[in-house]
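S.K.: The primary structure of each chain is shown beneath.
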Amino acid sequence: MTPHMLTRSLDRSATIFLAVVAACGILIPLSNLLLPAGSFLQVPTYLVALWGKYVCYAILALAIDLIWGYCGILSLGHGAFFALGGYAMGMYLMRQIGTRGVYGNPILPDFMVFLNYSKLPWYWYGFDMFWFAALMVLVVPGLLAFCFGWLAFRSRVTGVYLSIITQAMTYALLLAFFRNDFGFGGNNGLTDFKDILGFNVQAEGTRAALFALSCLALILGFLICRAIVSSKLGKVLIAVRDAESRTRFLGYRVESYKLFVFTVSACMAGVAGALYVPQVGIINPSEFAPGNSIEAVIWVAVGGRGTLVGAALGAVVVNYAKTFFTSGVLAPYWLFMLGALFILVTLLLPKGIVGTFNAWWDSSKEKRNAASASAAAEDGVTQPKMAE
Amino acid sequence: MNVMDNRATSAMLYLDGVHVSFDGFHAINNLSLTLEPGEMRAIIGPNGAGKTTMMDIITGKTKPDEGTVLFDGVTDLTRLDETRIAELGIGRKFQKPTVFESQTVQDNLLLALNVDHSVRGTLFWRGSKAESERIDKVLETIRLTEARNRLAGSLSHGQKQWLEIGMLLAQDPKLLLVDEPVAGMTDVETHLTAELLKEINKTHTVMVVEHDMTFVRELGVKVTCLHEGTVLAEGTIDQVSSNERVIEVYLGR
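Residue numbers (full-length UniProt numbering), protein chains in the order written: chain A, 1 to 388; chain P, 1 to 253.
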């Protein structure tokens, strides 16, 4: 069986993508730590933290592309899973502060002392252990996605209705986390972190290591998504995206497939959030803002949905532009630019950057193949068909 | 049937007293119909006669308000959903050809094969020789071997219809429901489709809904004419088309 054109071009971009991420993950931390500060090739620490943030966004974008690009589930609430992963990590970091907090309470984080908590709420138990927090980074978003998806997909909520209830979900969590008595620090969120696994979160070495880890997570996330979409399950997902009821009449339990990718995707988003929090040093309810989730969907659209590489690329490109424009005189106009970008991409590049490039590459390759085939025919080379 | 079992009927498909109404409109009205194993039946009837609704009921898309729908003598289809009914062995070809346009012809057939359809089964799926041989065979039957690596969306209308019939073959159901297989086909394609269905009928029970009388005549099977959601006439094509009430319904008064 000859592999299809599309898979070949995807393989090419996948290889380039993995090489670039691996190179960044190794070279940027090394340059930051080993080269003298101020030297031309040295990457300053603030850039390492900034790029680390982009890498986390790229993982979130991959998670969205897996469900939107391949299965047609447009989640406008994926920021919620990202934020939940972030909160799980933030809770661990809070408990690591110990007596170094302003109030010096060995068990209770500062905000709890301030709010007159007498003891630690039960849901904070276990978060002093890294392994438990790391598990919760996967379990909490995964469980929420599973329950949410079980109800939504079983009742066959699809399309715009599903998008709306995902927005409602993230908005509900936003409101809940804003409340002081919810036990997660209210609108201030969790911050003032000291160390992670015994290393100072502010230290250059820790930041460099977190950056490298984020790149590693991006690579792993990419490989997992790739394994999923290139399996037969990936074909079923595309079938569901393109003709859901047809897939059902072939005997596939569509809701199980949706539930599976939705849960995997939420876990990935949780990991992205967990890596994000120690690098930016804070997690607060604004991460649940519906606007964040919509922005993440725009990254995927710009990069090219259903391409994986494009999603990650889109996250980095749009966020780089955001950093660039929001720090200058154009700052007040950023949201307009983002809106315009989304409209322009939808109108002019519906396949996104990578999708458009792949289409162009395949068509030019086909032309070259056709040209060489006709040249061969003119040369009088025996065609295999004639021999039959 | 020499084996004693608890089957309520020997029929492959048994509909009795089925009613469905949508907002007061009686789409199906006391519909009773049986299909014997190995039979091919053509269903005709004017627009709005309830042909497609009947297929929706059999495949679990629509639940009847009352009535019995039995498959293979034992299974009550009204209690099951589309996936379960497909798993039992009822395949359906839609009126408008519905194939997975962004995937190759070969992948369309691969998806249709009646192998493990669970999430785990497909995630860890490894192709087998038997599977690719079955795909090759179906491709040959529907004459799309040359087009196997083309995207299904790039096929002509007739080829898409055939691909969808091929998907039914790959699914290998006990009962095939075929909704307007020759709509939009050329005369040659129509003839080839009739041949194909007759070939399929050697090993499968088939129900065909079709408007094209030449095609129905070519199939040469028992015909049921529906009107206003109920059976108007049943018999050979000649008997049915000479039935006064059928003529009245088709030509109007």
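Hint data in this document are derived by calculation from the structure and do not stem from the laboratory. Computed from a prediction, not measured in an experiment: that's the story for all the values here. Built from N, CA and C at the ideal position, the CB exists for glycine as well. Do not rely on the hints blindly, as some may be mistaken.
Unchecked claim - In silico DMTMM-like cross-links for lysine to aspartate or glutamate, where the CA-CA straight-line distance does not exceed 25 Å:
no., chain 1, residue 1, chain 2, residue 2
1, A, K365, P, E146
2, P, K174, P, D116
3, P, K96, P, E244
4, P, K174, P, D238
5, A, K367, P, E146
6, P, K96, A, D11
7, P, K129, P, E146
8, A, K351, P, E244
9, P, K63, A, E244
10, P, K63, A, E255
Said to hold, decoys possible - Some chain P residues near chain A, calculated using beta-carbon distances under 10 Å:
no., residue
11, G60
12, T62
13, D81
S.K.: All hints are to be evaluated individually against the structure, with a verdict given for each.
M.R.: Each hint, compared with the structure:
1. K365/A / E146/P: This hinted pair holds, its Cα atoms lying about 20 Å apart.
2. K174/P / D116/P: The given pair, whose Cα atoms are some 17 Å apart, holds under the 25 Å limit.
3. K96/P / E244/P: violated, 31 Å
4. K174/P / D238/P: violated, 28 Å
5. K367/A / E146/P: holds, 20 Å
6. K96/P / D11/A: Answer violated: K96/P to D11/A is near 35 Å, above 25 Å.
7. K129/P / E146/P: Holds, because 20 Å separates the two Cα atoms, which is no more than 25 Å.
8. K351/A / E244/P: violated, 58 Å
9. K63/P / E244/A: holds, 19 Å
10. K63/P / E255/A: holds, 19 Å
11. G60: OK, holds: G60/P within 10 Å of chain A, min 9 Å.
12. T62: violated, 12 Å
13. D81: holds, 8 Å
When each numbered hint is compared with the structure, violations occur for hints 3, 4, 6, 8 and 12.
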